[in-house]
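Peer 1: Sequence:
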Amino acid sequence: MDHHMEELAWNAACLRLEDYLRAHAVEPRERLLALTLSILAEAKSAHDKLPGLTPLECTMRIASKKTDTWFSLLAGDPARAARARIAYFAGGRNDLFLEWPLPEDFVASIRSAGIEAGPALEFQSLIRRELDYGAMQDIARETWDRFSWGHVLSAFALWLAIFFAAWGIYLKFFQ
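Heads up, the sequence shown is in our numbering, so the first residue is 21 and it goes up one at a time.
In silico PhoX-like cross-links for lysine-lysine, where the CA-CA straight-line distance does not exceed 20 angstroms:
(1) K86 x K69
(2) K69 x K85
(3) K85 x K64
(4) K86 x K64
Hints are computed from structural coordinates only; laboratory data are not their basis.
I would like the entire structure built from these sequences, with the hints used as guidance.
Peer 2: In structure tokens:
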């Protein structure tokens, strides 16, 4: 990969990483840039050891691993990392993303957060049923029963005649 193409690949990785961090509600902009640059530097040094990966793959693997590890530490148990993610997004403390150590009150609020499905949640069976199209099904069946290739061929012949007539007029008057 030449230098220019490699630079474009790293730029794409940087933009995708910024989007990934923005999706985790990282604010303010200074914090976003600092995290982006630190993860990008780590990805560049790892990319030298793993040349089979593209810069984007290497960057996103590192970012994803850091994020998963951070949420596992935040939850205190890797099995509860998904709950920690939900509690983090609901908590609104976006300035602490990927920081460690964290304030004890923040960690306690994340670990004590409970998640319950609302009363509107209903489980339904997804058994396949035949669709009832009503009158449309009868109309379509009757139309299909009356279909004949003769109508298609006559319409094709009509349009072919119109085309050649228009072409003949064009040749007579414009050439």
